[in-house]
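S.K.: Residue numbers (the numbering used here), protein chains in the order written: chain A, 1 to 363; chain B, 364 to 726.
For the record, the hints were derived by calculation from the structure and aren't laboratory data. Note that beta-carbon positions come from the ideal geometry of N, C-alpha and C, so glycine has one too. Careful, some of the hints might be misleading.
[To be verified] Computed footprint of chain B on chain A; a stretch qualifies when at least three of its residues, placed anywhere within it, have a C-beta under 8 angstroms from a C-beta of chain B: (1) 44-57; (2) 268-274; (3) 339-349.
[Unchecked claim] Each pair of labels, with its calculated beta carbon distance range: (4) B/Phe686 with A/Lys93: 26 to 36 angstroms; (5) A/Glu334 with B/Gln594: 57 to 67 angstroms; (6) A/Thr347 with B/Asp491: 50 to 60 angstroms; (7) A/Gly350 with B/Ala609: 44 to 54 angstroms; (8) B/Ile582 with A/Gly10: 15 to 25 angstroms; (9) B/Gly483 with A/Gly327: 36 to 46 angstroms; (10) B/Glu626 with A/Lys362: 32 to 42 angstroms; (11) B/Ser434 with A/Glu60: 33 to 43 angstroms; (12) B/Gln594 with A/Ser360: 17 to 27 angstroms.
[Unchecked claim] Calculated cross-link-like contacts (lysine-lysine; reagent style DSSO-like; alpha-carbon spacing at most 30 angstroms): (13) A/Lys362 with B/Lys725; (14) B/Lys521 with B/Lys508; (15) A/Lys221 with A/Lys243; (16) B/Lys508 with A/Lys243; (17) B/Lys696 with B/Lys584; (18) B/Lys725 with A/Lys333; (19) B/Lys367 with A/Lys333; (20) A/Lys4 with B/Lys696; (21) B/Lys584 with A/Lys333; (22) A/Lys362 with B/Lys696.
2 protein chains.
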Amino acid sequence: MNAKTRLSPGDTIGILGGGQLGRMLAQSAASLGLKTHIFCPDPNSPAFDVSATFTVAPYEDIDALDRFASSVDAVTYEFENVPGPTAAHLDAKVPVRPGVRALEVSQDRLFEKQFLSGAGVAIADFADIASQQDLDEAVARFGGKGVLKTRRFGYDGKGQQMIRKPEDADGAFEKLGAVPMVLEALIPFECEVSVIVARDLDGGIACYDVARNHHENHILKTSTVPAGVSQATLDAARAMAGKIVAGLDYVGVMGVEMFLVREAAGERLLVNEIAPRVHNSGHWTQDACLTSQFDQHIRAVAGWPLGSAERHSDAVMENLIGFDADGWHEVLKEPAARLHLYGKAETREGRKMGHVNRISEKS
Amino acid sequence: MNAKTRLSPGDTIGILGGGQLGRMLAQSAASLGLKTHIFCPDPNSPAFDVSATFTVAPYEDIDALDRFASSVDAVTYEFENVPGPTAAHLDAKVPVRPGVRALEVSQDRLFEKQFLSGAGVAIADFADIASQQDLDEAVARFGGKGVLKTRRFGYDGKGQQMIRKPEDADGAFEKLGAVPMVLEALIPFECEVSVIVARDLDGGIACYDVARNHHENHILKTSTVPAGVSQATLDAARAMAGKIVAGLDYVGVMGVEMFLVREAAGERLLVNEIAPRVHNSGHWTQDACLTSQFDQHIRAVAGWPLGSAERHSDAVMENLIGFDADGWHEVLKEPAARLHLYGKAETREGRKMGHVNRISEKS
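In isolation and in its complexed conformation, chain A is listed as follows (with noise of 0.2 angstroms):
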């Protein structure tokens, strides 16, 4: 629904995606006067405990989402894999913000690469693989290296296998599923950064610091601002975000992930990656800014300005994965520390279970 609604306090935004960030966004939403309706298929999600309504249905149950259509004003999403046909079904009857557009290139590399390309964005190489024959052709001219992702559904480091020699790529699309993929060439990267851009209803951008990203096990660890980056860089940065959310007519807070390559010639960005959503690289923001991402998200969503996305601190966020979140009794006797939690019921390995900001005097 392409309507300019604008929300007004006490009005309600509708989430998909009862996880922590929809939780998060949750609680900003109720910081600024508004209401949510948290639709989400698993009984036990840590946002149901901080929103007005909720709902547990699958994503396809049409009945349970035009319930949910019709007692929300706006909708967003805390996940890119919100499948298409709900997306264009509840946008038939509520606004959804970001768009159904946003969501189409999210969920396949190979749109997303063509979309990123097409904005003027620079990326590394890429080629559409269909076949084993596809990836040892696109191996060959990578120069018997890159990196083989699933088009579709790949998070954390799942759905990818790294080819580092021709032999790497024997019999690999069969073994990554033989579903549609990518092959991006390899890319010698100092370190992954990333950037939160948001964009209102009017056209209005506002994109916060470059943070520097560290990854354990394929699962992000930290993420520091500032990035030590140039101001080029961070110019950049900036300006290649502006560019994607604004070729996408994109409402909402984005996450674009780049890889910072460091040359002779000096540093130089490739995004890698957008996500059509809060992200885990953005949570510094919320100890940081006046402004956190999850409020940006909302005012956009709201059809409402943008609030700064100036910082007035140094930040280094650490998720707390897994068993990590046993040791919150030490994080609160940290003075510079902010303990974050998801109130997830069970711990499991590999599971976000919550992060720390830890905060100092702007450098």
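Model the placement of chain B on the given structure of chain A, informed by the hints.
M.R.: Leaving out everything else, chain B in the frame of chain A:
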């Protein structure tokens, strides 16, 4: 209940009172991985929207209180007029923090003044008033001036009468309801200031910076930090606040209101009133400190160590009272402002609907 009970993430804090303070406490509890259960007689309580569980029942409903007590691991409250028998009944089953003594002292202005005086804290002269004759004698003793206040149930200027000349006292005892009262000597103060202080289960104390408070129509309008007082005054304010919470063996956050008196010899502070709860004049801590007063109170009630009370920014908190809140859209346009709305269904004159924190670089 005096047990040194300490909560763990996933445990539940019961909150008596479902207004904006209960709501913001519930939001902080959720961020720290704790659940809340709100108990409030008003079926339209704004705190219900952000809490996992709620009970609508009168504070005198023993069965409801018993069910509530058995569902929570500790109890706190958002208002000081919790009926004494309610607090005592709950405290026999589950830790009530801050304790029953803090309620007894703060519910009665005479007990409060006697306690403060005994704790070695500077206060204005006062007299116990049980009759018109007591009043006439005390007014004469205080130079024909004073502020007459009922001992119990006064707030936002209610239950008070200013006496500027002896004739103002005529019939005043009858007029205020012929209930027990106190007369306070009239202090020519420059302004009201306040500090938010917290004490944990192990006696650790953290005290925020002094705020300068400005009232309109007897309701707090703004709190400004820094307050523009000397370091010595700041130290004195913190020292008095520390004596008060230590003297009450207090656990939780307390608001301490003081008069700033300017004399030839310099500044001097007199404690006016204590509130055994999070306090409106501490809302600035949400956006100018890493640990807000709400987080701090939840930490104390959970038996956890306190967070730092340092601030990273200067701040001015402005209350949005009644139809002030209709200006929410203008507030959203200010880059240095953060809007907080309480989700109250109905706007009424004099009703606290929200607040704005405007922050700037620490001076």
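S.K.: Quick check: does the Cβ-Cβ distance between A/Glu334 and B/Gln594 fall within 57 to 67 angstroms?
M.R.: violated, 27 angstroms
S.K.: May I ask you to test the hint 44 to 54 angstroms on the CB atoms belonging to A/Gly350 and B/Ala609?
M.R.: holds, 45 angstroms
S.K.: B/Lys508 and A/Lys243: Cα distance at most 30 angstroms?
M.R.: violated, 69 angstroms
S.K.: Given a hint of 32 to 42 angstroms, does the C-beta separation of B/Glu626 and A/Lys362 actually sit inside it?
M.R.: Because 40 angstroms falls inside the window, the suggested range holds.
S.K.: Given the hint that B/Lys584 pairs with A/Lys333, test it: the Cα-Cα distance must not exceed 30 angstroms.
M.R.: With a Cα-Cα distance of about 35 angstroms, the restraint between B/Lys584 and A/Lys333 is violated, given a limit of 30 angstroms.
S.K.: Do three or more residues from the segment 268-274 of chain A put their C-beta atoms closer than 8 angstroms to C-beta atoms of chain B?
M.R.: With 0 residues close enough to chain B, the hint is violated.
S.K.: Please verify the coverage claim for the segment 339-349 of chain A: does it have three or more residues whose C-beta sits within 8 angstroms of some C-beta in chain B?
M.R.: holds (count 6)
S.K.: Check whether three or more residues of the segment 44-57 of chain A sit with their beta carbon closer than 8 angstroms to a beta carbon of chain B.
M.R.: holds (count 5)
S.K.: Are the Cα atoms of B/Lys725 and A/Lys333 separated by 30 angstroms or less?
M.R.: holds, 24 angstroms
S.K.: Is it true that A/Thr347 and B/Asp491 lie within 50 to 60 angstroms of each other by Cβ?
M.R.: The hinted range 50 to 60 angstroms holds for A/Thr347 and B/Asp491, with Cβ atoms some 57 angstroms apart.
S.K.: I want to verify a distance hint. Is the separation of the beta carbons of B/Gly483 and A/Gly327 within 36 to 46 angstroms?
M.R.: With a Cβ separation near 41 angstroms, B/Gly483 and A/Gly327 satisfy 36 to 46 angstroms, so the hint holds.
S.K.: Straight-line Cα separation of B/Lys521 and B/Lys508 no greater than 30 angstroms?
M.R.: holds, 19 angstroms
The structure does not agree with the numbered hints 2, 5, 16, 21 stated previously, though it agrees with the rest.
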